[in-house]
Amino acid sequence: MTILFYIFAALAVLGGLLMVSMRNPLSGAFSLILSLVSLAGLFAMLNAEFVFILQVLVYAGAIMVLIIFTIMLLNLNKDELEEAPVGALRLVFTALVCAVAAFGAIKVFGTVPAPEVQLSADFGSIEGVGRLMLSDFLYPFEVISLILLVAVVGVVLLAKKVI
Amino acid sequence: MGPVTINHYLYLSAILFFIGAFGVLFRRNLLVILMSIELMLNAVNLSFVAFARHAAGNMDGHVTAFFIMALAAAEAGIGLAILVMLFRNRTTVQADDLTLMRD
Numbered sequence: 001m002t003i004l005f006y007i008f009a010a011l012a013v014l015g016g017l018l019m020v021s022m023r024n025p026l027s028g029a030f031s032l033i034l035s036l037v038s039l040a041g042l043f044a045m046l047n048a049e050f051v052f053i054l055q056v057l058v059y060a061g062a063i064m065v066l067i068i069f070t071i072m073l074l075n076l077n078k079d080e081l082e083e084a085p086v087g088a089l090r091l092v093f094t095a096l097v098c099a100v101a102a103f104g105a106i107k108v109f110g111t112v113p114a115p116e117v118q119l120s121a122d123f124g125s126i127e128g129v130g131r132l133m134l135s136d137f138l139y140p141f142e143v144i145s146l147i148l149l150v151a152v153v154g155v156v157l158l159a160k161k162v163i
Numbered sequence: 001m002g003p004v005t006i007n008h009y010l011y012l013s014a015i016l017f018f019i020g021a022f023g024v025l026f027r028r029n030l031l032v033i034l035m036s037i038e039l040m041l042n043a044v045n046l047s048f049v050a051f052a053r054h055a056a057g058n059m060d061g062h063v064t065a066f067f068i069m070a071l072a073a074a075e076a077g078i079g080l081a082i083l084v085m086l087f088r089n090r091t092t093v094q095a096d097d098l099t100l101m102r103d
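As they're listed, the protein sequences go chains A and B.
Quick note: the first sequence, position 133, residue 133 per the working numbering, numbers continuous.
Quick note: the second sequence, position 15, residue 15 per the working numbering, numbers continuous.
Just chain A, with the same shape it has in the complex (with noise of 0.2 Å):
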């Protein structure tokens, strides 16, 4: 078990350095899609049962369909693609910024005690997880379903309209 953990925590690693580098955005989706496959590995890994079935169905697959459904669709050309030269200046930066922050927050993780829990014979099953959503969790449940109704209705509004 502790190998796969390295394994897709590689994976996932290599995923995301790659798709923040690779300049055509097509090859960034797809290393994403790397990147979220591995962690939906992780999710089973963690007794998600139901979080790693959704992970491959909406992420790996529908979300990420529609990006790479956009990308295609834009179909952009080299020139369209070329981002503006960045100063080294202010890469180095950046990723002294994000390496801060990743090391900080790496340091306050390291702290967090792992009890020993019990987990119950249903822990992240389909059903377990459902009988809680439509239990304890119904009103955020109901206030997601209006939000993806407004996503829904504002993106046909804006992907159609003529401006």
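Take these hints with a grain of salt, some might be off.
What the hints assert, rightly or not - Sample of chain A residues facing chain B (criterion: CB under 8 Å; computed from the structure):
no., residue
1, F5
2, L17
3, A48
4, V51
5, T70
6, M72
7, A102
8, A114
9, P115
10, Q118
11, A121
12, I144
13, V153
14, G154
Since the hints were made in silico from the structure, they are not lab data.
The structure displayed is predicted, hence computed values, not measured ones.
Note that the Cβ used here is the ideal one computed from N, Cα and C, for glycine as well.
Use these hints to put chain B onto chain A, whose structure you have.
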């Protein structure tokens, strides 16, 4: 290599989050910025699920991860629709070219 604890998952979550933050701050292509935001949301999801498994012992974190995924789907849809509209009007996907509100 010892057993994997909650800390390992949180370290990975922090690293992925700040890779995404670096993408948002450094890249100028709006498509890549959107994808970096997706990576950041996923990193947060990972820490929610890790806390649910190793600290809380209940499934509240899973439900929260589900809500974050739904929000990410809405965000990706709206973001891409705005991007398509911008591309139609200005024929650019570079954030540096969109300075109408600044100039």
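Here is what the structure says about each hint:
no.	hint	result
1	F5	holds (5 Å)
2	L17	holds (6 Å)
3	A48	holds (5 Å)
4	V51	holds (5 Å)
5	T70	holds (5 Å)
6	M72	violated (11 Å)
7	A102	holds (4 Å)
8	A114	holds (5 Å)
9	P115	holds (7 Å)
10	Q118	holds (6 Å)
11	A121	violated (12 Å)
12	I144	holds (5 Å)
13	V153	violated (10 Å)
14	G154	holds (6 Å)
The structure shown violates the earlier hints numbered 6, 11 and 13.
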